[in-house]
Amino acid sequence: MRLFGITAALALGLAQTASAACNETILRLATDRYIAAQSTGSLQWISEILSDNITYVENGKFLGIASSALVESLRIDRSHSIFDLVQCASFTDLIVTNPASPRVVGAQLWVAGDKVTKIDRIVTTTGDWLFNATGTLHYALREDWGVIPPAQRDSRAVIKAAADAYLDVFKSANVSVPWGTPCARLEGGAYTGKGLPSDSCNLGVIQSYDMPNRRYVIDETVGVASLLLEFGSIGNAPDSHQFRIEGGKLRFIHTMTYCEKKPNCGYTSGPFAPP
Numbered sequence: 202m203r204l205f206g207i208t209a210a211l212a213l214g215l216a217q218t219a220s221a222a223c224n225e226t227i228l229r230l231a232t233d234r235y236i237a238a239q240s241t242g243s244l245q246w247i248s249e250i251l252s253d254n255i256t257y258v259e260n261g262k263f264l265g266i267a268s269s270a271l272v273e274s275l276r277i278d279r280s281h282s283i284f285d286l287v288q289c290a291s292f293t294d295l296i297v298t299n300p301a302s303p304r305v306v307g308a309q310l311w312v313a314g315d316k317v318t319k320i321d322r323i324v325t326t327t328g329d330w331l332f333n334a335t336g337t338l339h340y341a342l343r344e345d346w347g348v349i350p351p352a353q354r355d356s357r358a359v360i361k362a363a364a365d366a367y368l369d370v371f372k373s374a375n376v377s378v379p380w381g382t383p384c385a386r387l388e389g390g391a392y393t394g395k396g397l398p399s400d401s402c403n404l405g406v407i408q409s410y411d412m413p414n415r416r417y418v419i420d421e422t423v424g425v426a427s428l429l430l431e432f433g434s435i436g437n438a439p440d441s442h443q444f445r446i447e448g449g450k451l452r453f454i455h456t457m458t459y460c461e462k463k464p465n466c467g468y469t470s471g472p473f474a475p476p
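Under the numbering used here, residue 476 is the last one in the sequence shown; the count climbs by one each step, no gaps.
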């Protein structure tokens, strides 16, 4: 049961080419400028570092950046970013609890040289999967996604494999998932953790569905993988899954899913109803 780029060769999907050299200062600057642009609703904060051929994707659709939700001024209550120095990419999630325009946004930024070449975003609000920005903020602030000591860090391969296993089990029950204990899932404003050492993310999933078009950003320093994808079990909806891996095991899972056609992607009652 489901509770509740960039380099020149980058393409949407599984094949993403690592950057030969990534300037961490530029990557972090681009991420900060992106946050400033969203906070003010003004592209002037980021325009000078955008590639002339910038690719902008929002909720699975290719858009002109000037007509996107990035030009909406949002009062951001929390931002959290990870940095992938192999692929020269970042992932940032933003939480906005303003009742006039609540949002939870996840964005992958891809950098080549000193320019942002792609921004790939999931933008969720009222009516999207289990959406509750206040609940998302409350639970996210209780969790530790901090830096992991070097000797205890998992490799990129281990982090990616753990994230893929979680998504692959939606297709086949035979997939071995490295469930950690405790583990908590945050989907919209719905949270599975009770603060107990026995908390588990292994609560069952809806099976026989693919989770295609996965785009990865991985930061080994914090054990986190960001995947943007299409969530097969609810009509291939544009989706963000973010995984915290500790000791090769799943520790935290955050999701946001855009429901374009029906409120809460058609689930209005039962265990999938909004919190």
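Treat the hints loosely; a few may be bogus.
Pairs of lysine to any residue residues, derived as SDA-like cross-links and limited to a Cα-Cα distance of at most 20 Å, are as follows [as the list claims (entries may be wrong)]:
(1) LYS361 <-> ASN414
(2) LYS262 <-> GLY436
(3) LYS316 <-> LYS361
(4) LYS372 <-> ILE435
(5) LYS462 <-> PRO303
Derived DEER-like restraints, expressed as beta-carbon distance ranges [unchecked claim]:
(6) ALA237 <-> VAL348: 19 to 25 Å
(7) ALA237 <-> LYS395: 36 to 42 Å
(8) ALA222 <-> LYS462: 16 to 22 Å
(9) VAL348 <-> THR382: 18 to 24 Å
Honestly, the hints are just simulated from the structure, not real lab data.
Note that the Cβ used here is the ideal one computed from N, Cα and C, for glycine as well.
Consistency of the hints with the structure:
1. LYS361 <-> ASN414: With Cα atoms ~15 Å apart, LYS361 and ASN414 stay inside 20 Å; holds.
2. LYS262 <-> GLY436: holds (15 Å)
3. LYS316 <-> LYS361: Roughly 26 Å separates the two Cα atoms, so the pair is violated.
4. LYS372 <-> ILE435: holds (13 Å)
5. LYS462 <-> PRO303: Measuring from Cα to Cα gives roughly 19 Å; hence the hint holds.
6. ALA237 <-> VAL348: 19 to 25 Å: The hinted range 19 to 25 Å holds for ALA237 and VAL348, with Cβ atoms some 24 Å apart.
7. ALA237 <-> LYS395: 36 to 42 Å: holds (37 Å)
8. ALA222 <-> LYS462: 16 to 22 Å: violated (43 Å)
9. VAL348 <-> THR382: 18 to 24 Å: Holds, since VAL348 and THR382 (Cβ atoms, about 22 Å apart) stay within the stated range.
Going down the numbered hints, you'll see the structure goes against 3, 8, while the others check out.
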